[in-house]
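4 protein chains.
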Amino acid sequence: MHADQLLPFIANTFDQMPFNRLLGLKVTRFDEQQAEVRFDWAGQLVGNPVQQILHGGVIASVLDVVGGLMAVSSALSRFGDIADAELAEKLGKMSTIDIRTDYLRPGRGQQFIATAQVIRTGNKVCVCRMELHNEQGIHIALGTGTYLVG
Amino acid sequence: MHADQLLPFIANTFDQMPFNRLLGLKVTRFDEQQAEVRFDWAGQLVGNPVQQILHGGVIASVLDVVGGLMAVSSALSRFGDIADAELAEKLGKMSTIDIRTDYLRPGRGQQFIATAQVIRTGNKVCVCRMELHNEQGIHIALGTGTYLVG
Amino acid sequence: MHADQLLPFIANTFDQMPFNRLLGLKVTRFDEQQAEVRFDWAGQLVGNPVQQILHGGVIASVLDVVGGLMAVSSALSRFGDIADAELAEKLGKMSTIDIRTDYLRPGRGQQFIATAQVIRTGNKVCVCRMELHNEQGIHIALGTGTYLVG
Amino acid sequence: MHADQLLPFIANTFDQMPFNRLLGLKVTRFDEQQAEVRFDWAGQLVGNPVQQILHGGVIASVLDVVGGLMAVSSALSRFGDIADAELAEKLGKMSTIDIRTDYLRPGRGQQFIATAQVIRTGNKVCVCRMELHNEQGIHIALGTGTYLVG
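Chains as they are written, first to last, in our numbering: chain A, -4 to 145; chain B, -4 to 145; chain C, -4 to 145; chain D, -4 to 145.
FYI, nobody ran anything at the bench for these hints, they're computed from the structure.
Here the structure is a predicted model, which means the values were calculated and not measured.
Do not take every clue at face value.
[To be verified] DEER-style ranges, computed between Cβ atoms:
no., chain 1, residue 1, chain 2, residue 2, range
1, D, G87, C, H134, 51 to 59 angstroms
2, A, G38, B, D35, 21 to 29 angstroms
3, D, Q112, B, D35, 29 to 37 angstroms
4, D, M(-4), C, T23, 42 to 50 angstroms
5, A, P101, C, E27, 20 to 28 angstroms
6, A, Q47, C, G145, 24 to 32 angstroms
7, D, P3, B, P3, 52 to 60 angstroms
8, D, A37, B, D10, 24 to 32 angstroms
9, C, P3, A, H134, 29 to 37 angstroms
[Stated by the list, open to error] Using 30 angstroms as the maximum straight-line C-alpha spacing, the simulated DSSO-like pairs for lysine-lysine come out as follows:
no., chain 1, residue 1, chain 2, residue 2
10, A, K85, D, K88
11, C, K88, C, K119
12, A, K88, A, K21
13, D, K21, A, K88
14, C, K85, C, K119
15, C, K88, B, K85
16, D, K21, A, K85
17, C, K88, B, K88
18, B, K119, C, K119
19, B, K85, C, K119
20, C, K88, C, K21
21, D, K85, A, K88
22, C, K21, C, K85
23, B, K119, C, K85
24, A, K119, D, K119
25, A, K119, D, K88
26, A, K21, B, K85
27, B, K21, B, K119
28, B, K85, B, K119
29, A, K21, A, K85
30, A, K119, A, K21
31, D, K21, D, K85
32, B, K85, C, K85
33, D, K85, A, K85
34, B, K88, C, K21
35, C, K21, D, K119
36, D, K119, D, K85
37, D, K88, D, K119
38, B, K88, C, K85
39, A, K119, A, K85
40, A, K88, A, K119
We put the beta carbon where it would ideally sit given N, CA and C, even for glycine.
With these hints in hand, go ahead and build the complete structure from the sequences.
Structure, rendered in structure tokens:
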């Protein structure tokens, strides 16, 4: 695969993951500087039905997804063209080691935007910071994730 | 509500949460010592379709649910009978402050069992440890959650 | 105590804590927006003597100190003048609930600067983000702390 | 170095680290199953002088030390005899990636005992759980640490 096809390929892979589809996640920005994932409010994503707020697990999930996307981008950016088999093998070895989610405000809104940036990168481990905001810019949650990338 | 109706009522409230239903979670044990939540493998819970393993967000979600259940039990166990309005008010104020999830092994299995125990309790904050195993006893993930309970 | 004496009093209390003195910590900035703590390199703060880098525990300690300082400031800023006995009682109840430290780069340098900012505030719990840099602006570590403040 | 000299050598290396000496830490048990580190109460380890309790940074430090010790043991146990230069190189690459500390009860006591166990092991990353008790068995703190080991 040519280097310039990598990011679109990975974004598509994330969009197609069954649980990401269940949550309605869409990769809306993805380059070597930042990853962004969006999803719309949906009744099935609710935790507390009285308060009509997102379930904490939805928030943790999307933070993990956007952080993982960023970690993959960071790890792959040092390769140029890469054989498909090698790419598949590398992607198969990447995984979340641990993640911390801080819930800041109730998950209310019509659309939610998760972003990630790399704060430590290496050939084995990558650490990312993630944030979740709603469409009005309200900061809902924060994440810190450690990813195995090599 | 009589004290002995509290735990069944809360378990039912958790079972009815929309996102818990989407995940297929069932509260299978819930007393003042331990909370247990189970769910079955389902194709829509998959992260990586090649490897056929649970999405990390599913794991984080169920650990948060079982920890929250335990935290609620811990917080309510010091009340005896409680007026319904007061119970609703107290439950509405309870929330996850932060959670750490450690992914230990790939999420493979037919059924998954999440358990929680209280490690710090107080009238404002409760800390729980959570674990996820599959039906063969394989230890898949570990969580540590801090909950606001008063 | 008058409201404008509070922050200097608290900064002095932190400077006088025995373990903070052992580490050589100095509160160098402290207002309602930001807290900053500095310390100089010292041989006794070393972990690995071959590499001559700060011990991870030193880094975790100073991140906790600067985050705690910020949490105290955040909690007290909503009081105006406060009776000394009430202040002492409130301070006595404040404590760290949990903290995550991410080690980004080896702790090398001549002086180290820790800063904190509040990311969630309330009348019971405060969450802060902390950073440690050296005198050249190298980013060494990152922290996320949850504090009980009321 | 012969395989049976490894653990004593590593324990001694930890005992000699300058900051570990400042804290008064002693490795009191160290095999492939468990690591244990002890230290005595000392006035200079105090955070809050009114309450006479351990500084949170002391607790975070000792949890990191005992977890790191366990991670090193886990990583080295798969080698048999190892050349000194290779051992030094491997040890130099091992480091803490991130650690979470949960403070459960005030750090009061005459002696403190920190223990660790491995919960995830691999050729790159090791995850440990750590606990701190006092000499009366009171559980003071809990840690979860992720270590780079290869």
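Comparing the hints with the structure gives:
For the pair G87/D and H134/C, the supplied restraint of 51 to 59 angstroms is violated, since their beta-carbon distance comes to about 22 angstroms. Range check, G38/A to D35/B: about 23 angstroms between beta-carbon atoms, so the 21 to 29 angstroms window is met. Roughly 31 angstroms separates the CB atoms of Q112/D and D35/B, a value that falls within the hinted 29 to 37 angstroms. Distance hint for M(-4)/D and T23/C: a CB-CB separation of about 45 angstroms, consistent with the stated range 42 to 50 angstroms.
With their beta carbons about 25 angstroms apart, P101/A and E27/C fall inside the hinted range of 20 to 28 angstroms. For the hinted restraint 24 to 32 angstroms between Q47/A and G145/C, the CB-CB distance of approximately 28 angstroms keeps it satisfied. In this structure the supplied range 52 to 60 angstroms holds for P3/D paired with P3/B, their Cβ-Cβ distance being about 56 angstroms. The supplied range of 24 to 32 angstroms is broken by A37/D and D10/B, whose beta-carbon atoms lie about 52 angstroms from each other.
The beta-carbon spacing between P3/C and H134/A, approximately 31 angstroms, falls within the hinted interval of 29 to 37 angstroms. Among the hinted pairs, K85/A with K88/D is consistent with the structure: their alpha-carbon atoms are about 22 angstroms apart, no more than 30 angstroms. Straight-line distance between C-alpha atoms of K88/C and K119/C comes to about 10 angstroms, which keeps the hinted pair within the 30 angstroms bound. With a CA separation close to 23 angstroms, the supplied pair K88/A and K21/A stays within the 30 angstroms bound.
At most 30 angstroms may separate the alpha-carbon atoms for a hinted pair to count; K21/D and K88/A exceed this at roughly 38 angstroms. For the proposed pair K85/C and K119/C, the alpha carbon gap of about 11 angstroms is at most 30 angstroms, so the pair holds. Between K88/C and K85/B, the direct Cα distance comes to roughly 22 angstroms. Compliance with the 30 angstroms bound is thereby established for this hinted pair. With a C-alpha separation of about 42 angstroms, the suggested pair K21/D and K85/A falls outside the 30 angstroms cut-off, and the hint is violated.
The hinted pair formed by K88/C and K88/B meets the criterion: a straight-line CA distance of about 21 angstroms does not exceed 30 angstroms. This hinted pair checks out: K119/B and K119/C have alpha carbons roughly 7 angstroms apart, not beyond 30 angstroms. Of the pairs offered as hints, the one joining K85/B and K119/C holds, with about 15 angstroms between alpha carbons and a cut-off of 30 angstroms not exceeded. About 23 angstroms separates the Cα atoms of K88/C and K21/C, which keeps this hinted pair within 30 angstroms; it holds.
Distance check on the hinted pair: K85/D and K88/A sit about 22 angstroms apart at the alpha-carbon level, within 30 angstroms; holds. A hinted pair counts as satisfied when its Cα atoms are at most 30 angstroms apart, and K21/C with K85/C qualifies at roughly 23 angstroms. Simply put, K119/B and K85/C have alpha-carbon atoms about 15 angstroms apart, close enough for the 30 angstroms limit, and the pair holds. Distance check on the hinted pair: K119/A and K119/D sit about 7 angstroms apart at the alpha-carbon level, within 30 angstroms; holds.
This hinted pair checks out: K119/A and K88/D have alpha carbons roughly 12 angstroms apart, not beyond 30 angstroms. The suggested pairing of K21/A with K85/B is violated, with an alpha-carbon distance near 36 angstroms, which exceeds 30 angstroms. Of the supplied pair hints, the one linking K21/B and K119/B holds, its CA atoms being roughly 27 angstroms apart against a limit of 30 angstroms. A hinted pair counts as satisfied when its Cα atoms are at most 30 angstroms apart, and K85/B with K119/B qualifies at roughly 11 angstroms.
The hinted pair formed by K21/A and K85/A meets the criterion: a straight-line CA distance of about 23 angstroms does not exceed 30 angstroms. For the proposed pair K119/A and K21/A, the alpha carbon gap of about 27 angstroms is at most 30 angstroms, so the pair holds. Distance restraint check for K21/D and K85/D: the Cα-Cα separation of roughly 23 angstroms lies within the 30 angstroms cut-off, and the hinted pair is therefore satisfied. Restraint check: the Cα-Cα separation between K85/B and K85/C comes to about 24 angstroms, which is no more than 30 angstroms; the hinted pair holds.
With a C-alpha separation of about 24 angstroms, the suggested pair K85/D and K85/A falls inside the 30 angstroms cut-off, and the hint holds. The suggested pairing of K88/B with K21/C is violated, with an alpha-carbon distance near 38 angstroms, which exceeds 30 angstroms. Of the pairs offered as hints, the one joining K21/C and K119/D is violated, with about 37 angstroms between alpha carbons and a cut-off of 30 angstroms exceeded. The suggested pairing of K119/D with K85/D holds, with an alpha-carbon distance near 11 angstroms, which does not exceed 30 angstroms.
The suggested pairing of K88/D with K119/D holds, with an alpha-carbon distance near 10 angstroms, which does not exceed 30 angstroms. Annotation: proposed proximity of K88/B to K85/C holds, straight-line Cα distance about 22 angstroms (limit 30 angstroms). For the hint pairing K119/A with K85/A, the CA-to-CA distance comes to about 11 angstroms; that is within 30 angstroms, so the pair holds. Distance hint between K88/A and K119/A is fulfilled; the C-alpha atoms sit about 10 angstroms from each other, no more than 30 angstroms.
When the structure is compared with the earlier hints, violations turn up for hints 1, 8, 13, 16, 26, 34 and 35 and for no others.
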